[in-house]
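S.K.: Chains Z and L, in that order, give the protein sequences.
Here the first sequence is numbered in my numbering, starting from 262 and rising by one per residue.
Here the second sequence is numbered in my numbering, starting from 262 and rising by one per residue.
Read the hints as simulated data drawn from the structure, not as lab findings.
Each hint should be verified, as a subset may be incorrect.
In this list, chains with the same sequence are indistinguishable; a pair is considered to hold if it fits within one copy or across any two.
BS3-like mimics (lysine-lysine), calculated; alpha carbons at most 25 Å apart, straight line [to be verified]:
1. K426 with K624
2. K624 with K319
3. K453 with K841
4. K700 with K456
5. K302 with K441
6. K392 with K744
7. K302 with K319
8. K624 with K302
9. K841 with K790
10. K319 with K352
11. K700 with K753
12. K700 with K934
13. K390 with K736
14. K513 with K481
15. K456 with K701
16. K415 with K805
17. K319 with K415
18. K701 with K415
19. K363 with K441
20. K302 with K352
From a predicted model like this one, the values you see are computed outputs, not experimental measurements.
Listed below are the residues making up each chain.
There are 2 protein chains.
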Amino acid sequence: MLSKRLLFFYFLFLTFDFAVNAQTATWIWYPGDYEVWLGNKMQNRRTERGSFLPPFWKLDNHYVLIDFHKVFTVPVAEEVEVHVEGTYNLKIDGAAVTGFPKKITMPAGVHKLSLKVFNQSSVPAIYIKGKTVVSDSSWLLTFEDKEWIDQSGKVSDQSGTTWLKAGSWNFNSPKDLPSKIQLPTVVQRAVKVTKKPQSMLADFGRESFGFIRLHGLKGKGKVGIYYGESPEEALSTDSCETLDNLVVNEVKKRDTVMELSKAFRYVNIQSDPGMTIDSVSMLYEYADVKERGGFRCSDEEMNRIYDVAKYTLHLNTREFFIDGIKRDRWIWSGDANQSYLMNYYLYFDNPTVERTILALRGKDPVTSHINTIMDYTFYWFLGIYDYYLYSGETRFIKQFYPRMQSLMEYCLSRRNKNGMMEGLAGDWVFIDWAEGLSKKGEVSFEQLLLARSLEAMAISAKIASDAEGALRYEKLAAELKSKIFATYWNEKKQALVHSRVDGVPTDSLVTRYANMFAIFFNYLTESQKQGVKTNVLLNNNVPKITTPYMRFYELEALCAMGEQSYVLKEMKDYWGGMLKLGATSFWEEYNPSKSGREHLAMYGRNYGKSLCHAWGASPIYLLGKYYLGVQPLTPGYATYLVEPQLGGLQWMEGDVPTPTGKISVYASTSQLKVKSNAGTGTLRFTSKSTPTGSAAIKSIGNNRYELQLDKGVQYAITYAAQ
Amino acid sequence: MLSKRLLFFYFLFLTFDFAVNAQTATWIWYPGDYEVWLGNKMQNRRTERGSFLPPFWKLDNHYVLIDFHKVFTVPVAEEVEVHVEGTYNLKIDGAAVTGFPKKITMPAGVHKLSLKVFNQSSVPAIYIKGKTVVSDSSWLLTFEDKEWIDQSGKVSDQSGTTWLKAGSWNFNSPKDLPSKIQLPTVVQRAVKVTKKPQSMLADFGRESFGFIRLHGLKGKGKVGIYYGESPEEALSTDSCETLDNLVVNEVKKRDTVMELSKAFRYVNIQSDPGMTIDSVSMLYEYADVKERGGFRCSDEEMNRIYDVAKYTLHLNTREFFIDGIKRDRWIWSGDANQSYLMNYYLYFDNPTVERTILALRGKDPVTSHINTIMDYTFYWFLGIYDYYLYSGETRFIKQFYPRMQSLMEYCLSRRNKNGMMEGLAGDWVFIDWAEGLSKKGEVSFEQLLLARSLEAMAISAKIASDAEGALRYEKLAAELKSKIFATYWNEKKQALVHSRVDGVPTDSLVTRYANMFAIFFNYLTESQKQGVKTNVLLNNNVPKITTPYMRFYELEALCAMGEQSYVLKEMKDYWGGMLKLGATSFWEEYNPSKSGREHLAMYGRNYGKSLCHAWGASPIYLLGKYYLGVQPLTPGYATYLVEPQLGGLQWMEGDVPTPTGKISVYASTSQLKVKSNAGTGTLRFTSKSTPTGSAAIKSIGNNRYELQLDKGVQYAITYAAQ
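Kindly produce the complete structure, drawing on both the sequences and the hints.
M.R.: Encoded structure:
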């Protein structure tokens with residue numbers, strides 16, 4: 262059985278196929294291909310102590326030959342500019358224009374313009390600009406046109422060809438070549454520089470990312486640049502994670518910019534005797550995403566946590582949502598899934614979500630799990646599920662449903678005889694970084710994620726008009742959910758147990774993972790929820806979580822059960838704990854029981870840990886969704902909920918972005934203010950006294966009240982928080 | 262039931278896995294990837310009247326990130342050169358060497374050398390050269406290493422990774438970069454130049470291919486270069502198939518070479534008034550393949566046919582076996598299949614066969630037939646079958662069996678409810694260029710090719726140790742063959758009928774295609790063969806074949822039935838007919854009933870026809886296999902047959918190459934001489950008198966004799982031809 266929310270999606274999806282702007286000329290390409298190409302470029306920039314360190318999974322490649330076309334109705338013959346990345350031909354109504362035309366005249370009337378572009382090294386792309394004839398996402402593309410000609414010259418039809426709508430981004434000028442993409446940079450200076458003979462330690466004041474620039478470099482010899490997220494790391498020339506080695510022979514002073522951007526707060530520059538360097542600066546590199554959400558409250562530590570979380574997410578939001586800026590700089594599906602959710606409360610930047618989903622997926626054939634990790638494949642499906650819920654976009658699912666299908670078939674083909682998935686050769690069962698965590702057998706957490714993935718497939722199938730597929734996935738999801746509870750639910754422990762090994766459930770081992778996901782997946786009955794809360798989430802005997810990654814979900818589960826006060830304390834302890842240790846961005850892992858340089862080590866290396874990890878930024882999501890209390894109930898915020906929960910704060914205020922504008926919320930213990938530019942909302946709150954401010958407030962019993970929120974109306978309610 | 266010959270393969274394949282030379286350093290890459298990349302490069306050089314004309318099928322792409330490794334036993338520590346196309350890291354025993362080392366020291370002992378290379382624009386490739394440590398085809402490669410590291414630094418195993426042996430060719434020096442491949446060229450001068458004011462018509466004496474060079478070009482204006490395989494075409498500036506347009510502004514005389522190579526015999530150069538051009542030459546571009554076969558006989562016209570056929574094949578043997586040099590210059594599977602067979606009697610160049618097979622196949626997923634043509638998919642399987650038979654190579658099949666499987670699964674999934682294949686949306690059912698030829702329904706010819714493809718799969722499955730697959734394919738082949746005869750064999754007509762449309766066999770339509778293939782596939786009983794010969798092959802009421810393409814198979818079928826005398830006349834008529842019309846290479850199509858410029862037209866265009874088409878060169882094959890009479894009986898010429906058939910000639914002599922050296926044959930009406938460097942042969946001949954020359958000659962009755970041929974022995978037999 263699908264939840265009511267899911268069923269509701271089915272009825273709504275038809276109305277939410279947002280129209281695509283067909284006015285502005287932009288560079289276009291085969292959908293998904295630029296993302297694959299750019300993902301390759303980005304993920305092959307990782308270095309470790311001067312050595313190239315590429316990903317260890319299959320990287321796909323773009324189609325090298327693409328056919329583009331669109332039929333235009335041209336009122337008056339017009340001049341049209343043609344810009345192409347690649348070797349191409351251009352046809353008007355099927356007749357080739359000789360050579361490689363840069364300008365053509367489109368005659369008046371209904372005419373088909375088509376281009377066929379070959380490009381091996383980057384993605385075939387076109388930019389067409391006339392008055393009515395422009396390149397945009399309404400063009401149709403294929404990687405195999407199947408058009409052939411017979412002996413007598415007759416051209417045969419293309420009935421076997423699949424045409425997809427073009428992909429695009431923000432390359433809106435002819436000079437803005439997609440293959441030359443470069444994120445913007447801005448100059449920043451060190452806030453403190455400690456100079457010694459032949460060395461210089463620069464502190465840029467906080468965690469940062471960009472290209473180091475040496476000013477006035479002169480002399481002959483070697484220069485070593487040692488990057489550190491901590492001063493200890495920068496000073497540890499033999500075990501810092503990243504470095505640059507230059508061989509220099511400059512008679513005159515010269516400025517030099519490093520080729521690769523790096524993450525650092527501190528830079529230790531060592532040069533050979535006789536060499537001089539005047540100063541150091543950096544080109545801070547960033548993604549130009551717009552902040553549309555915000556949060557402020559009566560607790561200054563929480564405000565600081567929110568700000569550092571925002572900065573952490575910003576640093577990790579680049580061409581794609583990446584894991585961390587120092588080390589991998591790769592696109593990891595589990596990490597990205599959290600960034601998507603944070604994004605919905607800060608940037609609401611759909612293009613970055615889509616790019617990340619596409620780069621992760623790559624192309625057929627599927628030969629391994631995403632990032633080789635079984636759970637990461639499932640998060641990929643969950644990410645699409647959430648994207649649809651928050652954005653209401655159906656175009657994306659319609660376009661890429663076949664890639665969803667083939668990935669799901671890969672999963673289904675790897676189920677064991679019980680219909681469950683366990684790690685096969687080459688599969689990494691990750692779950693979390695947690696010492697001694699067993700990955701053996703049929704891990705309950707993995708089955709739970711598979712069930713949710715199947716639900717995402719069922720919804721997507723409907724959107725893609727695959728009714729048969731929808732029924733099949735619904736059935737598979739329902740069967741698996743029954744099996745999960747029959748297998749793992751331990752009535753005595755009131756919890757899902759961790760795994761089943763050799764046919765025997767691990768009754769002696771309960772972990773938090775499956776239990777907390779079951780809560781916010783809404784897979785538990787009310788009494789099961791309470792059982793899990795008491796016996797797992799609030800039970801110190803169940804192994805604790807030490808990564809912000811899984812704390813994200815743990816705290817979400819507690820919030821979903823109304824434990825905002827408890828979670829606020831946890832956030833202040835955990836994220837506040839990092840701040841007290843001087844963090845200027847949030848970490849990959851934080852274990853309060855460690856001390857000193859122990860905090861910097863990971864993976865058996867002294868400075869292996871990332872001190873700026875996207876998954877460290879989860880307060881953005883928790884504060885937006887569970888304190889301001891704003892969340893979509895149906896896709897694209899057609900309907901939504903605002904349920905402010907102060908959780909012990911005196912007041913809070915903030916904005917949550919939606920596809921049609923922001924929802925602004927203010928809440929104190931005596932006043933609630935909401936204004937929204939989204940669909941139709943429900944304000945829900947608890948008040949000890951009868952609230953005033955709108956005649957439409959309805960009591961729903963038990964001191965609970967609701968008010969319907971209409972677009973563009975400012976609501977102000979006087980009430981008494983409990 | 263498989264034929265005896267096929268069963269015999271099964272027992273032999275184990276002994277024929279030729280060792281690969283592991284001494285010479287060479288550039289290596291992921292097997293199949295360079296071929297895909299080079300195929301893209303080659304096939305995107307087609308132009309039509311100055312416009313780019315790319316293929317209309319899916320082009321695949323290489324893997325951009327490859328892991329290479331090999332474990333070496335190094336007697337004494339050695340210096341090793343490292344050359345890489347791409348960004349890379351290098352590890353010795355899993356430990357990274359910093360940066361991008363150009364030279365390393367491999368320590369003595371057993372050590373693993375690994376490199377991981379990223380390259381988006383061309384194929385990741387390495388060249389490693391030390392004393393014992395060299396890059397060659399024994400290295401292991403993967404496109405996904407699935408090696409991950411846990412929180413504590415432990416590296417997890419790679420058990421899920423598939424490693425393949427490296428691909429290579431002849432790039433044996435570090436400077437010989439695979440990405441910079443360029444076929445050799447040699448200067449050639451026109452044999453006759455006709456000059457007029459502002460124009461020049463150069464005749465290069467015969468069909469040719471290369472880059473036109475203008476000498477002493479001076480002035481300001483436009484130069485048009487119009488290429489012609491005939492003078493008519495070169496002079497027809499408005500309908501010649503290929504041309505170059507230059508815009509020139511040269512104060513001093515300059516030489517200019519065209520960017521793209523073209524096919525031509527004649528070049529018409531037109532320049533604007535005031536411009537001057539001293540002279541024209543060309544850089545003839547060719548593949549450096551070695552001629553190892555040969556044929557000479559008492560008939561001078563046949564010798565001329567053989568020479569022009571050789572030249573035709575040479576021009577079309579380039580980076581790959583292509584269809585024709587003027588127009589497409591693409592790799593077409595049906596065309597290539599004939600080139601493979603001719604190649605076995607002229608060059609025996611395995612690398613060109615392998616490259617062509619790999620470029621045609623591309624990669625998974627399969628989304629359409631090879632070249633979009635159903636029959637061309639089947640020829641791909643047939644090509645592998647023949648390659649194994651002639652070369653005895655099992656390595657190729659072992660390596661690429663998965664690609665054979667997925668292509669066959671694509672075919673099997675497209676069978677109709679009767680288990681037969683008919684054209685679905687997007688499928689081109691080609692068969693042959695023949696006016697009015699029906700492609701409707703379940704065409705018998707296509708089912709026959711599918712049956713043979715299934716047999717090729719069965720053999721390959723065994724070689725690839727897929728016993729289950731072998732049984733399945735054998736069964737499918739046997740079932741289909743039964744079905745073919747039950748459906749199409751018309752006892753009254755003693756022929757296979759053309760098709761079955763809407764469940765009804767087309768009893769009124771018999772064509773040559775299925776019938777002639779059934780003969781040399783050995784699918785017919787002796788009496789069926791005779792029936793087909795009389796009622797189809799030698800029956801003028803059955804529509805005639807007008808392309809050298811299908812004449813190849815028609816004449817092969819007749820030769821296989823001992824009709825060498827008839828076929829000799831046909832060759833003299835058909836190929837001799839082209840020579841009489843002035844051909845210097847053989848054509849795409851030749852219909853003796855046409856005249857004058859009609860011979861030049863095709864595809865509704867005045868000069869659309871290719872006058873140098875690989876499939877025109879089939880006498881090479883027919884003369885080697887059915888006149889000299891040399892053919893392998895088991896893979897790689899382990900056993901073979903020499904059955905000379907003069908077919909009316911007074912004498913003939915020639916060489917046929919084999920994997921271990923050539924087989925030389927001389928035959929006159931009174932003498933037979935054979936010397937062979939291959940395995941164990943059988944000389945078979947007919948003699949009116951008792952032959953002399955060897956005590957080992959055995960009579961097999963009916964004036965037929967056999968003699969076992971041992972390696973390296975010169976045999977000379979005196980006999981009396983019938």
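S.K.: It remains to establish, for every hint, whether it holds in the given structure.
M.R.: Results of checking the hints against the structure:
Taking CA atoms no more than 25 Å apart as the test, K426 paired with K624 passes in both settings, with 17 Å inside one copy and 24 Å between copies. Proximity of K624 to K319 under the C-alpha cut-off of 25 Å is found in both arrangements, the shortest distances being 10 Å within a copy and 14 Å between copies. For the identical chains of this complex, K453 and K841 are intra-copy neighbours only, at 21 Å inside a copy versus 90 Å across copies, given an alpha-carbon limit of 25 Å. Within a single copy, K700 and K456 get their C-alpha atoms no closer than 50 Å, and across copies no closer than 83 Å, so neither meets the 25 Å cut-off.
Taking the shortest Cα distances, K302 and K441 sit within 25 Å of each other both inside one copy (11 Å) and across copies (22 Å). In this homomeric assembly, K392 and K744 never come within 25 Å of each other (Cα to Cα): the closest approach is 60 Å inside a single copy and 61 Å across copies. Proximity of K302 to K319 under the C-alpha cut-off of 25 Å is found in both arrangements, the shortest distances being 14 Å within a copy and 24 Å between copies. In this homomeric assembly, K624 and K302 come within 25 Å of each other (Cα to Cα) both inside a single copy, at 16 Å, and across copies, at 22 Å.
Neither within a single protomer nor between protomers do K841 and K790 lie at most 25 Å apart by alpha-carbon distance, with minima of 34 Å and 93 Å respectively. In this assembly of identical chains, K319 and K352 lie within 25 Å of each other by CA distance solely across copies; the values are 20 Å between and 36 Å within a copy. Taking the closest pair of Cα atoms, K700 and K753 come within 25 Å of each other only inside a single copy of the chain (24 Å); across copies the shortest separation is 70 Å, beyond that limit. When the C-alpha separation of K700 and K934 is checked against a cutoff of 25 Å, the pair qualifies neither within a copy, at 48 Å, nor between copies, at 73 Å.
Taking the shortest Cα distances, K390 and K736 never come within 25 Å of each other, neither inside one copy (49 Å) nor across copies (59 Å). For the homomeric pair K513 and K481, the shortest alpha-carbon distance inside one copy (11 Å) is at most 25 Å, but the shortest distance between copies (46 Å) is not. Taking the shortest alpha-carbon separations for K456 and K701, neither the intra-copy value of 53 Å nor the inter-copy value of 84 Å comes in at or below 25 Å. In this assembly of identical chains, the alpha carbons of K415 and K805 lie at most 25 Å apart only when taken from different copies (22 Å versus 72 Å within one copy).
Proximity of K319 to K415 under the C-alpha cut-off of 25 Å is restricted to the inter-copy arrangement: shortest distance 22 Å between copies versus 42 Å within a copy. With identical chains, the CA atoms of K701 and K415 are at most 25 Å apart between copies only, with a shortest distance of 17 Å across copies and 62 Å within one. In this homomeric assembly, K363 and K441 come within 25 Å of each other (Cα to Cα) only inside a single copy, at 20 Å, whereas the closest approach across copies is 29 Å. Taking the shortest alpha-carbon separations for K302 and K352, only the inter-copy value of 22 Å comes in at or below 25 Å, while the best intra-copy value is 32 Å.
In the structure shown, a violation is registered for the earlier hints numbered 4, 6, 9, 12, 13, 15, in ascending order.
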